[in-house]
Amino acid sequence: MSEAVMAVVKPEMKSYIWLQTADGSIQQVEEEVAMFCPMICREILQTGMGSSKNYAISLPQRVNPAVLGLILDYCRFHQVPGRSNKERKTFDEKFIRMDTKKLCELTSAADSLQLKPLVDLTSRALARIIEGKTPEEIRETFHLPDDLTEEEKLEPLRNITDDPRIRLLNRLYARKRKELKEREKLKNVEAEEERVDQRSVDDLLTFINGGNGDSKGVKTNKNKKKNRRRKDPPKDSSNNVNGNHNKESEALSSAFHNESRPSSSCNLQDCTAIEFDDGDVDDDLDPAMKEQLDREVEDFARRLNSDWPERMQEILSLGQERRLAPININGNGSARRYTTGLDQR
Amino acid sequence: MTMQMGSKTNSKPGQDRISGLPDEILCHILSFTSTVDAVKASVLSRRWENMWLRVPTLYLSDDDFRSDEREFDPERFVAFVDRALFLRGSSSIHRISIRCSDTENYPHLDEWICSAIRGNVVELELDLHESDFRYEPLELPRSLFMSRSLVVLKLTLEENYVAIPPSSDCFPCLKLLDVSVFYPDPATMESLFTCGPVLEHLIIEGYLGEDQYLNFNIFAPKLKRLELRFDPCDEVDSVSNILFNINAPKLERLDLNENFLASYCLSENALSEANISFSDLHSEDIQFITGSVDHIQKLFEGILNVKHLSLQAPFLGDPDTESRCNLPKLNNLKHLELQLENCCSWQLLTRLLTISPNLEYLVLEINIQCCEYPNEDGWSPPKLVPICLVSCLKNLFIRGFKGEPDDIEVAKYLMKHGEVLNNVTIYSCDVPAEDMLKVSQEISMFPKGSNTCQVEFPKIDM
Numbered sequence: 000m001s002e003a004v005m006a007v008v009k010p011e012m013k014s015y016i017w018l019q020t021a022d023g024s025i026q027q028v029e030e031e032v033a034m035f036c037p038m039i040c041r042e043i044l045q046t047g048m049g050s051s052k053n054y055a056i057s058l059p060q061r062v063n064p065a066v067l068g069l070i071l072d073y074c075r076f077h078q079v080p081g082r083s084n085k086e087r088k089t090f091d092e093k094f095i096r097m098d099t100k101k102l103c104e105l106t107s108a109a110d111s112l113q114l115k116p117l118v119d120l121t122s123r124a125l126a127r128i129i130e131g132k133t134p135e136e137i138r139e140t141f142h143l144p145d146d147l148t149e150e151e152k153l154e155p156l157r158n159i160t161d162d163p164r165i166r167l168l169n170r171l172y173a174r175k176r177k178e179l180k181e182r183e184k185l186k187n188v189e190a191e192e193e194r195v196d197q198r199s200v201d202d203l204l205t206f207i208n209g210g211n212g213d214s215k216g217v218k219t220n221k222n223k224k225k226n227r228r229r230k231d232p233p234k235d236s237s238n239n240v241n242g243n244h245n246k247e248s249e250a251l252s253s254a255f256h257n258e259s260r261p262s263s264s265c266n267l268q269d270c271t272a273i274e275f276d277d278g279d280v281d282d283d284l285d286p287a288m289k290e291q292l293d294r295e296v297e298d299f300a301r302r303l304n305s306d307w308p309e310r311m312q313e314i315l316s317l318g319q320e321r322r323l324a325p326i327n328i329n330g331n332g333s334a335r336r337y338t339t340g341l342d343q344r
Numbered sequence: 000m001t002m003q004m005g006s007k008t009n010s011k012p013g014q015d016r017i018s019g020l021p022d023e024i025l026c027h028i029l030s031f032t033s034t035v036d037a038v039k040a041s042v043l044s045r046r047w048e049n050m051w052l053r054v055p056t057l058y059l060s061d062d063d064f065r066s067d068e069r070e071f072d073p074e075r076f077v078a079f080v081d082r083a084l085f086l087r088g089s090s091s092i093h094r095i096s097i098r099c100s101d102t103e104n105y106p107h108l109d110e111w112i113c114s115a116i117r118g119n120v121v122e123l124e125l126d127l128h129e130s131d132f133r134y135e136p137l138e139l140p141r142s143l144f145m146s147r148s149l150v151v152l153k154l155t156l157e158e159n160y161v162a163i164p165p166s167s168d169c170f171p172c173l174k175l176l177d178v179s180v181f182y183p184d185p186a187t188m189e190s191l192f193t194c195g196p197v198l199e200h201l202i203i204e205g206y207l208g209e210d211q212y213l214n215f216n217i218f219a220p221k222l223k224r225l226e227l228r229f230d231p232c233d234e235v236d237s238v239s240n241i242l243f244n245i246n247a248p249k250l251e252r253l254d255l256n257e258n259f260l261a262s263y264c265l266s267e268n269a270l271s272e273a274n275i276s277f278s279d280l281h282s283e284d285i286q287f288i289t290g291s292v293d294h295i296q297k298l299f300e301g302i303l304n305v306k307h308l309s310l311q312a313p314f315l316g317d318p319d320t321e322s323r324c325n326l327p328k329l330n331n332l333k334h335l336e337l338q339l340e341n342c343c344s345w346q347l348l349t350r351l352l353t354i355s356p357n358l359e360y361l362v363l364e365i366n367i368q369c370c371e372y373p374n375e376d377g378w379s380p381p382k383l384v385p386i387c388l389v390s391c392l393k394n395l396f397i398r399g400f401k402g403e404p405d406d407i408e409v410a411k412y413l414m415k416h417g418e419v420l421n422n423v424t425i426y427s428c429d430v431p432a433e434d435m436l437k438v439s440q441e442i443s444m445f446p447k448g449s450n451t452c453q454v455e456f457p458k459i460d461m
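Residue numbers (numbering that gives the first Met the number 0), protein chains in the order written: chain L, 0 to 344; chain P, 0 to 461.
For reference, chain L alone in the conformation it holds in the complex (with noise of 0.2 Å):
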């Protein structure tokens, strides 16, 4: 042990660690390129072992010879302290080109080693080929076991695009946040008009009910943006008073078409913690309204959970008889209109 701890370096010979890899070969290496991975920096440090062939340092089993060996190129240039981002950069990008088999054992023996910089690299040239191919396409090029049942496949994307209540969640909670605020902002009108506020009531109006909602298109490109003439706002705003509301119901009417098995997945108490358990997000209003407002949400998204289709059918009616009013759910199940004021304007 005494001859591992003393590591005997001569001024002018280069001082190497020996390196054995899982299927018993050994190479020695220069010591700078090899206390470039963490990993075999620590051992040496640690441990003191590597400096002869007899003491050589075990790597983990994911590092066989020919990985090593770009491993070792690799660490060889970047350790070089001189060295330009442009230049790491394009050694990177000629490194990185081979087959998508090598580069995963290159992952994974890098992982091992703990080489971030690399296991990065490789990461995102994997992401790159991932990216835009079809599930089959990857797993042709992963040679991936098409293990799933069909149902199986479906459930994830189902649960992505079709769970209508937190959709209807989702809403009632915005439009009751908007209502309130617009109810705020209007009492201050006169306040508001302090301001350096250029918003006109009617714009207000506007921005409450969501606006306009056909999409433009295709993004333009942000040269071409630079330099379109800065667009003043005209002078009649489109007031959709009730767009929004039409969409609610449109929306609850689709849902209720399209209602989906309940997946396990979708606990809405989960929901209710996450998404409405906060004090800053309203800080604007009333406190005192906003805790009824709070109660109010979660009691929804109780009773949400429980009876969903009896509750389902209840929206839908009220929707469709008039404006879609936000709902008090209290405890024996009837709805009963919300009475605090909230469709007084």
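Hints were generated in silico from the structure; no laboratory data involved.
Each statement offered as a hint is correct.
In silico DSBU-like pairs for lysine-lysine, Cα to Cα no more than 35 Å straight-line:
hint	chain 1	residue 1	chain 2	residue 2
1	L	K115	L	K93
2	P	K153	L	K184
3	P	K297	P	K153
4	P	K333	L	K13
5	P	K153	L	K177
6	P	K393	L	K85
7	L	K52	L	K13
8	P	K153	L	K115
9	L	K93	P	K223
10	P	K306	P	K458
11	P	K411	P	K382
12	L	K101	L	K13
13	P	K415	P	K458
14	L	K115	P	K221
15	P	K458	L	K93
16	P	K393	L	K13
17	P	K249	L	K85
18	L	K115	P	K249
19	P	K223	P	K174
20	L	K52	L	K100
21	P	K306	L	K85
Facing chain P, according to a computed beta carbon distance under 8 Å, are these residues of chain L, among others:
hint	residue
22	K100
23	E104
24	T106
25	A126
26	I129
27	P134
28	F141
29	P144
For clarity, every value in this text was computed on a predicted model and none was experimentally measured.
Cβ coordinates follow ideal geometry from the N, Cα and C atoms, glycine included.
Since chain L is already given, all that's left is putting chain P on it; use the hints.
Frame of chain L, contents of chain P only:
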């Protein structure tokens, strides 16, 4: 194992390399893809089924929902984001990036932002654009400013976007702020950069617009690096009044790139590196800028103590500017990189050499084509040999050497008077090999002021 119709039998054991990687690595790989791709990956195989739920990043871009086949339906993107934020749970996401090409389509955008903040996101990127004028200003939610977890924030602030910090203790943990503007709101520019008790790196870039009056107040006690990069103004003679009040006593590095010569009030700082580029700004242009002489002087006074300077400023090479501007001496300057456009290069070189008495390392990039003024000015040696040549300059690099008579004269002058020069390295540009050979031989024969001077003509530029 289910065999799908039409798919190849490709799952030989041992061939699947990527699944051998640990979960963290698979998540790491997915963290570099958009969230849509990460979710799509959940149908790849059992191993990948719920991987996206553990990826510590969310990239939500409505570009992923645009295709040539059908008209863009913003509702699909809205549904996707709502679901992704909900199912994923917004906590334990390290980085969230939201990109909307038309914010008018997403009325509850601020809900998404609040959701991210509630989940204690560490890095947030909001790349928000609009295709038409917004009727109502887009205001960033208050919780964004008060977040105790946010360390990196990247924002786009287009016309009519308002981001005024609600109180003076905003951004308590923010270290990097990168703001990209387009006709920014003046009130926002005045106050957004004043809070940031631990801000270390600030980037402001984009297009300020024409005829703008903008006051940028930058107050950041821990700021180390400031980058100000603005796209050139379209209208040549539109006048803008742009003022930067920079109070950053720990500032180490300043990067400037603009073409309207703003006024920079740099308070006492610790600058050691400055990279300044006023590309395409000639003296004919700056005469329209009131107080231009003052601006130049104030800027140089602010960067007085730099050790490393990179400069592109054609107007400084104009003899007219020279007589009106009194540039202070840069006594700490050791490393200078000059980009010399061919309209006024040599005066600029002389000027900078004169004000840098302790210069040791000089890089000249010459023969940069000036689009407006193609005439070249001639080299005439200065009356007094600059001190740095005589006593300090050790390294000289010349890039873009064309072998023109003036190029050769300058090289000759510098080598003759450079009494402590060690290395002269000349990179040629578009010169045929035989001509370069002749020129290099000629230059190597020049009288050298320094015994240790070695001249090199490398083939490849680094």
